[in-house]
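K.L.:
Residue numbers (this note's numbering), protein chains in the order written: chain A, 1 to 79; chain B, 1 to 213.
Where hints are given, some of them may not hold.
Unchecked claim - In silico BS3-like cross-links for lysine-lysine, where the CA-CA straight-line distance does not exceed 27 Å:
no., chain 1, residue 1, chain 2, residue 2
1, B, Lys29, B, Lys121
2, B, Lys76, A, Lys50
3, A, Lys50, B, Lys179
4, A, Lys50, B, Lys121
5, A, Lys53, B, Lys44
6, A, Lys73, B, Lys44
7, B, Lys29, A, Lys50
8, B, Lys44, B, Lys29
9, B, Lys129, A, Lys53
10, B, Lys29, B, Lys179
11, B, Lys44, B, Lys76
12, B, Lys121, A, Lys53
13, A, Lys5, A, Lys50
14, A, Lys73, B, Lys29
15, B, Lys76, B, Lys129
16, B, Lys76, B, Lys121
17, B, Lys179, B, Lys44
18, B, Lys76, A, Lys53
19, B, Lys129, B, Lys179
20, B, Lys44, B, Lys121
It should be emphasised that the hints constitute simulated quantities derived from the structure, not laboratory data. If you're wondering where the values come from, they're calculated on a predicted model, not measured in any experiment.
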Amino acid sequence: MSDTKEIGCEEALHRLFEYLDRELDGARHAEMEQHLHTCRACYSRAEFEKRLKGRLGALGEEPAPPEFTNRIKNLLHRF
Amino acid sequence: MTDADRTFFEQEITGLLDRLYGAALRLAKNRADAEDLVAETVTKAWANFGSLHDRQCFRGWLFRILTNTFLSECRKTVPASIEALAEAQGEDDEPAFSLFDRLHQPFLLWWGNPEQEFLNKVLQQDLQKAVDALPEVFRVPVILSDLQGLSYQEIAETLGVPVGTVRSRLNRGRSQLQKALWQHAQEAGLKPAPATDEKPIHASQTGEHHERH
Chain A
1 MSDTKEIGCE
11 EALHRLFEYL
21 DRELDGARHA
31 EMEQHLHTCR
41 ACYSRAEFEK
51 RLKGRLGALG
61 EEPAPPEFTN
71 RIKNLLHRF
Chain B
1 MTDADRTFFE
11 QEITGLLDRL
21 YGAALRLAKN
31 RADAEDLVAE
41 TVTKAWANFG
51 SLHDRQCFRG
61 WLFRILTNTF
71 LSECRKTVPA
81 SIEALAEAQG
91 EDDEPAFSLF
101 DRLHQPFLLW
111 WGNPEQEFLN
121 KVLQQDLQKA
131 VDALPEVFRV
141 PVILSDLQGL
151 SYQEIAETLG
161 VPVGTVRSRL
171 NRGRSQLQKA
181 LWQHAQEAGL
191 KPAPATDEKP
201 IHASQTGEHH
211 ERH
């Protein structure tokens, strides 16, 4: 018998972004996981938000142009 | 500063350069300013490296310098505006806009998946424009969280605001971002056709899917 408290869809959606951002504590994270294992609607929403977040995450890394990389290397060598 | 310090610093900067540059591009929104922003960040980081006691925190510390350098540069041209504060304080009770809810149509069977289709079709450039269009007060936490993966605590320390404020600004930033993406989806035809037009078609498609599965 699991000790994890059952939560409803309203609570799950309220916590969704904190869950995806890995900001929930262990117990609350487990409650979310349990809900997502049993609720297709919330699971679909969570998957969508996760993929959208993944796509946004890809914007966070941009190959530095070679001339700029050299500028930073030169800067580091001067320190 | 020892040789080991110097080596650590150089390795970290080199390893994080594409991330620093990515964040700087989304903050400054143009290449020349982004390059100057990263160069200034690296210079400041080296000058203050001695004050960093826990090297596990290097990444968060570096992004804090980057963000604060950007914000202080902004303040020189646009004073910490009443507009931005009003933006941050206003209408916190407004329900969050959900792109998923707009895309998701209950009458479609689950394998119809219009939201999946949207994610497959939306371009990185579309996402970039939507991020760039956010007001600074929401853009900065969205960049730090969604683009750079900083924790709420790290963002709170960076911006000098409580964690609750970070949470609230992130919610509102994401809501605005999704609204912009929905508008873009409508303009670009990336969304499913309106339900009223599609209902009869989907009824027959539903039947077909049932037979296939």
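K.L.:
Now tell me if each hint is right for this structure.
P.N.:
Right, here's what the structure says about each hint:
Restraint check for Lys29 (chain B) and Lys121 (chain B): satisfied, since their Cα atoms lie roughly 24 Å apart, inside the 27 Å limit. A C-alpha spacing of about 37 Å is found between Lys76 (chain B) and Lys50 (chain A), which places the hinted pair above 27 Å, so the restraint is violated. Distance restraint check for Lys50 (chain A) and Lys179 (chain B): the Cα-Cα separation of roughly 17 Å lies within the 27 Å cut-off, and the hinted pair is therefore satisfied. Pair hint Lys50 (chain A) plus Lys121 (chain B) holds up; C-alpha atoms about 16 Å apart against a cutoff of 27 Å.
In summary, the hint linking Lys53 (chain A) to Lys44 (chain B) is not supported, as the alpha carbons are separated by about 30 Å, beyond the 27 Å threshold. With a CA separation close to 15 Å, the supplied pair Lys73 (chain A) and Lys44 (chain B) stays within the 27 Å bound. Among the hinted pairs, Lys29 (chain B) with Lys50 (chain A) is consistent with the structure: their alpha-carbon atoms are about 25 Å apart, no more than 27 Å. This hinted pair checks out: Lys44 (chain B) and Lys29 (chain B) have alpha carbons roughly 21 Å apart, not beyond 27 Å.
Using a Cα cut-off of 27 Å, the hinted pair Lys129 (chain B) and Lys53 (chain A) holds, with the two alpha carbons roughly 15 Å apart. At most 27 Å may separate the alpha-carbon atoms for a hinted pair to count; Lys29 (chain B) and Lys179 (chain B) meet this at roughly 21 Å. Between Lys44 (chain B) and Lys76 (chain B), the direct Cα distance comes to roughly 18 Å. Compliance with the 27 Å bound is thereby established for this hinted pair. Between Lys121 (chain B) and Lys53 (chain A) the CA atoms are separated by roughly 15 Å; this keeps the pair inside 27 Å, and the hint holds.
Distance hint between Lys5 (chain A) and Lys50 (chain A) is fulfilled; the C-alpha atoms sit about 23 Å from each other, no more than 27 Å. For a cut-off of 27 Å, the pair hint linking Lys73 (chain A) to Lys29 (chain B) stands: about 23 Å separates their Cα positions. A C-alpha spacing of about 25 Å is found between Lys76 (chain B) and Lys129 (chain B), which places the hinted pair at or below 27 Å, so the restraint holds. With a CA separation close to 39 Å, the supplied pair Lys76 (chain B) and Lys121 (chain B) exceeds the 27 Å bound.
Taking the CA atoms of Lys179 (chain B) and Lys44 (chain B), the gap is near 37 Å; set against the 27 Å cutoff, the hint is violated. In summary, the hint linking Lys76 (chain B) to Lys53 (chain A) is not supported, as the alpha carbons are separated by about 32 Å, beyond the 27 Å threshold. Among the hinted pairs, Lys129 (chain B) with Lys179 (chain B) is consistent with the structure: their alpha-carbon atoms are about 13 Å apart, no more than 27 Å. Straight-line distance between C-alpha atoms of Lys44 (chain B) and Lys121 (chain B) comes to about 41 Å, which puts the hinted pair past the 27 Å bound.
The structure does not agree with the numbered hints 2, 5, 16, 17, 18, 20 stated previously, though it agrees with the rest.
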